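Asker: Top to bottom, those sequences are chains A and B. Going by numbering that gives the first Met the number 0, the first residue of the first sequence is number 0, and it counts up by one from there. Going by numbering that gives the first Met the number 0, the first residue of the second sequence is number 0, and it counts up by one from there.
Hints may contain errors.
Covered stretches of chain A, going by a simulated chain B footprint (3 or more residues, C-beta under 8 Å) [stated by the list, open to error]:
id : stretch
1  : 586-597
2  : 607-621
3  : 625-632
4  : 789-796
Here are the in silico distance ranges between beta carbons for each label pair [to be verified]:
id : chain 1 : residue 1 : chain 2 : residue 2 : range
5  : B       : Glu-51    : A       : Pro-796   : 24 to 34 Å
6  : A       : Pro-290   : B       : Glu-51    : 49 to 59 Å
7  : A       : Arg-868   : B       : Gly-53    : 42 to 52 Å
8  : B       : Gly-53    : A       : Asp-629   : 18 to 28 Å
9  : A       : Gly-599   : B       : Val-24    : 18 to 28 Å
10 : B       : Glu-51    : A       : Arg-521   : 52 to 62 Å
11 : A       : Arg-499   : B       : Glu-51    : 32 to 42 Å
12 : B       : Val-24    : A       : Glu-471   : 24 to 34 Å
13 : A       : Gly-849   : B       : Glu-51    : 50 to 60 Å
14 : A       : Gly-599   : B       : Gly-53    : 37 to 47 Å
15 : A       : Asp-739   : B       : Val-24    : 35 to 45 Å
16 : A       : Pro-746   : B       : Val-24    : 22 to 32 Å
Not close to chain B: a few residues of chain A, all C-beta gaps over 10 Å, as computed [stated by the list, open to error]:
id : residue
17 : Ala-32
18 : Ser-310
19 : Gln-451
20 : Leu-473
21 : Ser-752
22 : Leu-759
Hints are computed from structural coordinates only; laboratory data are not their basis. What you are looking at is a predicted structure, and each value in this text was computed from that prediction instead of being measured. Every residue, glycine too, gets a C-beta built ideally from N, C-alpha and C.
Listed here are the chains, written in short residue letters.
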Amino acid sequence: MYSVKEPDAGTPQRVSEESVTLDVDGVSVTVPAGTSVMRAAAEAQVRVPKLCATDSLEAFGSCRLCLVEIAGRKGYPASCTTVAEAGMKVRTQSDKLAKLRRGMMELYISDHPLDCLTCPSNGNCELQEMAGVVGLREVRYGYEGANHLKQEKDTSNPYFTFDPTKCIACSRCVRACEETQGTFALTLVGRGFESKIAAGPTDFLGSECVSCGACVQACPTATLMEKSIIDKGQPDHSVVTTCAYCGVGCSFRAEMKGNEVVRMVPNKDGHANHGHSCVKGRFAWGYATHPDRVKKPMIRARITDPWREVSWEEAVTYAASEFRRIQAQYGRDSVGGITSSRCSNEETYLVQKLVRAAFGNNNVDTCARVCHSPTGYGLKTTLGESAGTQDFDSVEKADVIVVIGANPTDGHPVFASQLKRRLRQGAKLIVLDPRTIDLVRMPHVEASHHLQLRPGTNVAVINALAHVVVTEGLHKEDFVRARCDHREFDKWKAFIVDPRNSPEALEETTGVPAIEVRAAARLYATGGNAAIYYGLGVTEHSQGSTMVIGIANLAMVTGNIGRPGVGVNPLRGQNNVQGSCDMGSFPHELPGYRHVSDPGVRDLFGAEWGVQLESEPGLRIPNMFDAAVDGSFKGLYVQGEDIAQSDPDTHHVTRALEAMECIVVHDLFMNETAKFAHVFFPGSSFLEKDGTFTNAERRISRVRKVMPPLAGLADWEATMALSNALGYPMHYDHPSQIMDEIARLTPTFTGVSYGKLDRLGSIQWPCNDKAPEGTPVMHVDEFVRGKGRFVLTEYVPTEERSTRKFPLILTTGRILSQYNVGAQTRRTQNVVWHQEDRLELHPHDAEERGIRDGDWVSVRSRAGETALRALITEKMQPGVVYTTFHYPESGANVVTTENSDWATNCPEYKVTAVQVGKVNEPSEWQKRFAEQARQQSGLLPR
Amino acid sequence: MNAQKLVKMANEIAAFFDAEPDRQVVLDGVAGHIKRFWDPRMRRELLRWLDEHGGEGLKPTAIEAIRTHRDELVPRA
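Excised from the complex, chain A in its bound form:
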């Protein structure tokens, strides 16, 4: 339940072109057809008592507190389940209604502990409040009868408790689990007095519960209660901000006691999440004040020296002098910077500005390099803009949903709940994934087609789908002729109809039966609005950009673009992947995706920044490593990214980092990269600064400071200080001034300001004179590039192939409870669900190697070797193994190779040929890693 109260109209809003006018307690009110009497009353500012109703859930009608009288009708209907009708005269208060309501409350309270003063919900309990509203003064039944007051509390979940003694069996939690989250973990078992809420035959921790918090939020009593509230009490104020985890970008209310967060609750008005959350955003925020946070700047001359705590001024001056020394010695292009998708737009903008204006080169890149850089390339090439085409709400109008190389229930759980809701309403699902992800079959969801392709064959499958569409005449010729470049289309058509692209010809390559490909293609092309959602299983391949282009081709040829319910939707991994790319973090582009070779664009920025800008592209992250090993790249400022853990081919990354003379790490924690650093700038968490994040749907949302930076400076202030020390003056009093500068220089942002964000809540770019309040769906009347461009997508097999020596294919990914390199989530109680990275493999592959579940196994590729414990599962197909990369000691990237996307150098994390076998001890790399960790730990200040 919300403690800093938001209005609750009791039942969900209805959308209808028809409206009805009725009278509630003498007030005339007009509402959309289908609206409940309870909600109509709320619209008329009339409050009807309620317990089982809340406006995030469909009406249930069990508590009988919301009874009303309706003229001309017998009895006392529940206002929550009664639909408003034209001319209705509703009365919400009468002596009889008051008596009925008091009677109901007497029954509830007769079986409820009378411990209000010591209850964690005290002052914020709907039962307590309703007792007051109905005027309860006595409980005639007494408290001595049969009751539930001795039932045991379930404290198994790390974040909330379930106290059945306080339960009124209103089913709000059960319905929240079903309707809001779509997990169906909770149920109401038993009948009558025996009715009770249960998380299956086990406790909450052992159940199917995904700890999204929807049930806790829906609970009107203290039955489901956050442990943080039990420990710290109710908050005194709240601040609306944006989650710093995945690319869904959920809006939250940070509930505070002074400067301390006591709870994060999803914001009902949040445009991306509509009041829903996942276990990370809702509960896993404790990392922000974890004892591991570094709070003082540190420097050292060599990476074998002890760290020395210094003032910000000394740290910044030292870093600047080192960068200038290196540039004087090795040349202007010998230094660079890396921006972070975990930092705000404003911080990212400042880092790239520092590199371009203060360093004087374009050696700036961002962690999107290793995730969605092919999205930028592929969508810009075909559609004209490096971004997804839709808003999340678009899925509610989709009839066919295609999920390619993404695992939304783990990676983007709040959007997954919205997607599953649409599937429960009848939309069809097609999944393209080597693994049997949960969406393939789960409660009330089943994919119509699961194209379980072999890793590395995405392009072959997308070509086969397009081949079927065109050769069977299922394409939208009218759309293509009106909206796309004819010459390019004709060329593409000739390419795609070639028999080599048929499902039958490619069946042996992809492993997908041709009949399934044909059926999926027909469904996509003819099933109504069809929308594609994709993730890193598309981009992190040697043909990642080709696959993105193939997806855009397929959407264009079927006319599935430019309206709600369709589109091409990249699911971004981190909170600000879209924003960091928008802000000019790539070495070839200034903010707004404008190439550095364009003299007009350079002049624009040069005039604002007072410098002459470099016209040649700079180094991308993998190129930085190569140049470091080569000796031409010596200094790096890396903000908010742990390249030593997250980037592929760890041996090569480590060699590169060791070869540099000045690495400045700007982060919350001493991460893996910091072991190779010479300067450490302590970072600020999303709770400690103002700014904006841009989510996967191009939605810009405010991040608001709720506590002072623990280390004294917000990240944007530290970057500014470094720039000033480098001799390039930067001065901003507040991040809003940085956004104003971005808006002045970027055509898609000209209408964005903090004032407008405060007024609208969020804005989807482009936001300018043509679209003053933003753009939910792009390419409506024409593509951003004018005519849509079909591009040929020849399937080129990756060079990384299984052999006798390395017969299995390793693919990597992440899970629900952990996030990226785990720096945040490993420092929360989310470790309860995932204490180590495991190697998942099919029972057949395990049996062949004599491997049992839980055995330690080596994972060896041509790049390196590590050891993990085995997890045997039929989610894997034979020949394919999988692991996560949330723990540094796992060394997942010791095994991955330097192979990368042809266009962007995005690493091919998803295809590594490996051999797996039983072992009894860690790999040599793991032994060295442990020793290095011990040594580096000894160099930290005591």
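Once you've looked at the hints, dock chain B against the given chain A.
Answerer: Leaving out everything else, chain B in the frame of chain A:
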């Protein structure tokens, strides 16, 4: 820069554009991509490899594209 790695990257770019039926589009595409996305030191090393090793390891399309557009690929001093 590691010339072998640059050769591999150039070949992969060539493999993508090779699908185009129009040879000029292929050559423009390969060279244009390298020009737009490669840092000058990478281009310099690739050109050196072509000059000193006859483009050993490079696919014919890559060699032809680089030779055709050599002037555009040479970083400015």
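Asker: Checking each numbered hint in turn, tell me which of them this model violates, lowest number first.
Answerer: Per hint list: zero violations.
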